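Chains as they are written, first to last, in my numbering: chain W, 448 to 792; chain E, 448 to 792; chain D, 448 to 792; chain H, 448 to 792.
Just so you know, these hints were derived from the structure itself, not from any lab. A quick note: this is a predicted structure, and the numbers were derived from the prediction, not measured. Treat the hints with care, since some could be wrong.
All copies of an identical chain are treated as equivalent in the list; a pair is satisfied when it fits inside any one copy or across any two copies.
Calculated pairs, DSS-like style, for lysine-lysine (alpha carbon to alpha carbon, straight line, at most 27 Å) [as the list claims (entries may be wrong)]:
#, residue 1, residue 2
1, Lys-715, Lys-488
2, Lys-637, Lys-488
3, Lys-511, Lys-450
4, Lys-715, Lys-697
5, Lys-511, Lys-715
6, Lys-488, Lys-450
7, Lys-637, Lys-697
8, Lys-715, Lys-450
4 protein chains.
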Amino acid sequence: MIKAAVMGATGYAGAELVRLLSGHPEAEIVFLASHSYAGRKFSDIYPGMRTVCDITLSDDDIAKAASSGADVLFLALPAGLASSYVTPALLDRMKVIDLGADYRLHSADTYSAWYRTEHHSSELLAEAVYGLVEIHRDEIRGRRLVANPGCYTTCSILTLYPLVREGLIDPDTIVIDAKSGTSGAGRSEKLGSLFCEVNENFKAYGVATHRHTPEIEQELSAAAGRDIVLQFTPHLVPMNRGILATCYAKLRPGVSDDDVARAYSMYKDEPFIRLVDGSPETRYVKGTNTVDIGWRIDSRTGNIIAMGAIDNLGKGAAGQAVQNMNLLFGLDERTGLQIAAGSPF
Amino acid sequence: MIKAAVMGATGYAGAELVRLLSGHPEAEIVFLASHSYAGRKFSDIYPGMRTVCDITLSDDDIAKAASSGADVLFLALPAGLASSYVTPALLDRMKVIDLGADYRLHSADTYSAWYRTEHHSSELLAEAVYGLVEIHRDEIRGRRLVANPGCYTTCSILTLYPLVREGLIDPDTIVIDAKSGTSGAGRSEKLGSLFCEVNENFKAYGVATHRHTPEIEQELSAAAGRDIVLQFTPHLVPMNRGILATCYAKLRPGVSDDDVARAYSMYKDEPFIRLVDGSPETRYVKGTNTVDIGWRIDSRTGNIIAMGAIDNLGKGAAGQAVQNMNLLFGLDERTGLQIAAGSPF
Amino acid sequence: MIKAAVMGATGYAGAELVRLLSGHPEAEIVFLASHSYAGRKFSDIYPGMRTVCDITLSDDDIAKAASSGADVLFLALPAGLASSYVTPALLDRMKVIDLGADYRLHSADTYSAWYRTEHHSSELLAEAVYGLVEIHRDEIRGRRLVANPGCYTTCSILTLYPLVREGLIDPDTIVIDAKSGTSGAGRSEKLGSLFCEVNENFKAYGVATHRHTPEIEQELSAAAGRDIVLQFTPHLVPMNRGILATCYAKLRPGVSDDDVARAYSMYKDEPFIRLVDGSPETRYVKGTNTVDIGWRIDSRTGNIIAMGAIDNLGKGAAGQAVQNMNLLFGLDERTGLQIAAGSPF
Amino acid sequence: MIKAAVMGATGYAGAELVRLLSGHPEAEIVFLASHSYAGRKFSDIYPGMRTVCDITLSDDDIAKAASSGADVLFLALPAGLASSYVTPALLDRMKVIDLGADYRLHSADTYSAWYRTEHHSSELLAEAVYGLVEIHRDEIRGRRLVANPGCYTTCSILTLYPLVREGLIDPDTIVIDAKSGTSGAGRSEKLGSLFCEVNENFKAYGVATHRHTPEIEQELSAAAGRDIVLQFTPHLVPMNRGILATCYAKLRPGVSDDDVARAYSMYKDEPFIRLVDGSPETRYVKGTNTVDIGWRIDSRTGNIIAMGAIDNLGKGAAGQAVQNMNLLFGLDERTGLQIAAGSPF
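Just chain W, with the same shape it has in the complex (with noise of 0.2 Å):
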């Protein structure tokens, strides 16, 4: 058995992982921390799980993980905490995933210039690899610092990785139109948060500005080999799980239908990516670590549209680090990972 510790669990992503972690046939959890309800059982934060994990949490004390016994912690914390709580000494005792997006960029004066706050341990990028498993598999086996990939990114760069490595189109011209439900908010008491704010309600944010565009352009531009800079807009909906990408670019003269789907087939034994026709939707990966992405070649506008959808809680967050523990610990990456999802949920 895994041994697993969590830090941050009472966060939404947090609280997705120690579902997924109490379900898994080979994880057992032995510490559990909350920076706002130390004390408590995690099942009085979230009843649903009682009876299935009711463990009390931890102050969020990185000493207290480091000596928990754990065989992997898992950091699902606010930016720049990982950063300054990660050490080589904490990597010497136990894996590491980070959930957040501390270590996701591989240039720290990226990071400060998109998250406006230090990096607490620069000198740990080099040793850190994004966990985006469809892509970095092989690097990752054997990896001792995992940063999770964000939500909107993952579901973004699975979406695009095929047309862009394949030089399929033209990577200046990529907008990325996302729309996320409204857990990727998380759990804070945010007035824009409110069932009465978001209900009935569909809007922009962070139009230009949001910080996991450089993430998406980092994982583009190394497949393009090539600086790509592209158009990433987050939307709100007001639903509670789920993320469609819907990614648009123009493509090279000539590309065919064959060739995209050529391209694509990258993914075909994957267990994780399913390749749909048309619209992927939200609710059939809710609850999972599921990928759906279908395309469509406008052949009026000389453009591709090309849709991915994912569960930002699931392969957005939860569900991929448990991916990346399964590859982390030589388990078969399905184990523990729902592929089914209930209809309607």
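Position chains E, D and H relative to chain W; hints supplied.
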């Protein structure tokens, strides 16, 4: 492995059953039938199940189901259909778990009065057992024909049963005010089920006439050892899943909080019942087979307010059907049934 | 033109009042105050009101309101605040309509018992009138201090009043099971009001303890000519607006459907009450000052189920406040109040 | 008083029109027709309109409408029907405002290509005017046949028009990613419109094929003085009302924020257009005839992101139809049209 067949596989309850059976470690689906979608793959109708259950749907021909080699046949059909399908010959071949209403009421006359249709196999009523496991566990074992309880009824009966059995309340004062998510209305294309007709709305329906009334009365009368007539009012909630039943009754003079707690302690070893403090919430049982029950005594009025919450498609339909299957085939009742609810989900 | 001032203008009830007053042909807003947003424009907080009401918000200083030149002051404040603001001197200057609870209960002791705070101007309770127009129309005219009724109470009282007044039901058996949209919880940043905590959920709250209970009892006791103690249970519905109250009581022996219809005919000339067949639906009164009331007698149980629906921010708060203003100033009660609900809305 | 007739009165757009006309101080409804509900009262179908509009619905017989004595006939009918109803003789009797698509495209061939049906009165296309008031105000006055624009198109055209007219963007790079509430799908009983199929879901549809595309292209091409081919993708949002269009285009080199502001200043005196900072939100225009428009220039990508929000049943259908009526009959355009959106609503 238990070989399972499902007729009515593409309704919401049927589809949830297919999802649960697909993840059940001791069951294997050998036959699925659908009146509306015969010839198509199950996963074409429910794309969230792609790669999980791609079985082709048969037409709803009972002869095909009977010769499918199944050990157990689940029926999720409109009222009146199951009773015309089930025969002693069928029961010689395979166990039958009926998710519909046809075998729930012991009296064919009561059935006809509330359902306004003849019963087509009333001779089998004596053989059928009412599959509310927590109440009838011992009677269910070894049976061939299980009437899986209704959604409102499961929630209402389990909430009130201890109070009635122990004689703590005046059974002539029972009022059950129940609220259900919209999946309870099924997947048929009715005006009243359209998003824009349900969303941002709340209403009662079937006031004084809902068909689940006699089912609740039957079971609580048996518990009381006398006939009970009670008030049951369902309401429609703008959400996908979940039932909350708020139940009112006058307490017998002198009944204390301890007496009530003692009555509910009959559930203390039940794997799928949790006693909670105050009102349960439907989200904490969503997607599970769990029942959460809480209560309050109001010393001002002399009433007890007992509240139960279930997932109408889980414990209220497919989950309970799997629980019954587990019981019939000697498995741990929890096999393949989720207890942990995601949050938010 | 009536000059109107509002304190507490940026809560949901206050803002709805500002919206109604802005569209009122005989009213003009001269002063708006907000504890949280003093110094900002009202339309910065409620951008849907841009170009309609761009008044700058004052801080919530009662002296400023008193010297604003208003003819009427609306208070939409937390419990206990209004009673410390209103004085005879203020009432000499302007009429006051309090949307809060401070002047609704005739007894300061009952107020203290349920609200757990002292009343700061109990000497004014005798002067205040309970502003439920359909019941107290004649008493309201000419008053200076109107206690605008609560949302649950408006709905519950109007639904049950005719039955109680005519002695058609046993008042010791009344159960009110009420359900409200989430705007009833207000605009404060509470965890329990977050979208992801409310959406796809249903629960009861304040069971046996909700503060609207004594207000309902006060009015129905007056109608009955004897003290009534009743059961009131509120629930939270995942929608923005609307209250449905499902009310149960034993009918007196021999009471017929005609007797009930005759009792409700007291409302036949009321501009804001519609009698409907069966259950009302909250959507049909959304955004309006209308009350829809329906009922069913259940001959099996001897109960009547009477159901009322209102918009909690309309007839349950701001709409009724405007109706009171119209009455105080001699206008047609309907002035500036919408009757037609959009669908869907 | 303007005498108004409506055919297709019981669809969502038709019913919103009836609601607006009922509250219009200068209009009077003299005739309502419905294919599905002929013989019933309008308020039986829309109980929220009881006491407001209890007119009995006629069948959809154009001869009856023609002899109804109406001054203006609104048509809210499926594609192809209006063009078979409208004749020069009808137009001699009354003005016609068609909320459908039949007269929006100047070219019958384009109509046939996108709508896959013949046009039944293409000789009237030259007489029809495209009723987007803010663009074609002067042409609309005095006409007899107004093609009321589509919902997506109204929002998209008004958002992009100033940029295209002033030549600030490269029209070959336009991408419109639009999202609509579910009332846009109409009131017909389709599986895909069921609550449980829409709620908690987000998807694209009609990718590269949606019929509103040529309508947007027609109007923006006219503004540009050259043919424009653009990308338009609609999505379905789990809410009742509202459209947000997020529009992308490459800015011409050297275009500044001031240039953009100057272009949008063409709307500065428009009674129904508000320029906002950043993303508009659909809730702020819900129930109104208002268009909120905001934009951001992204200096990293060289793109402008222009965003518009409307109520699809308001400015996107019934509100704009009333605005057109006001214009045709010489009234203030704002008459009977609400500007203030409630919040929450």
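Inset, instruction - Go through the numbered hints given earlier and state which of them the structure violates, listing their numbers in rising order. - result: 5, 7, 8
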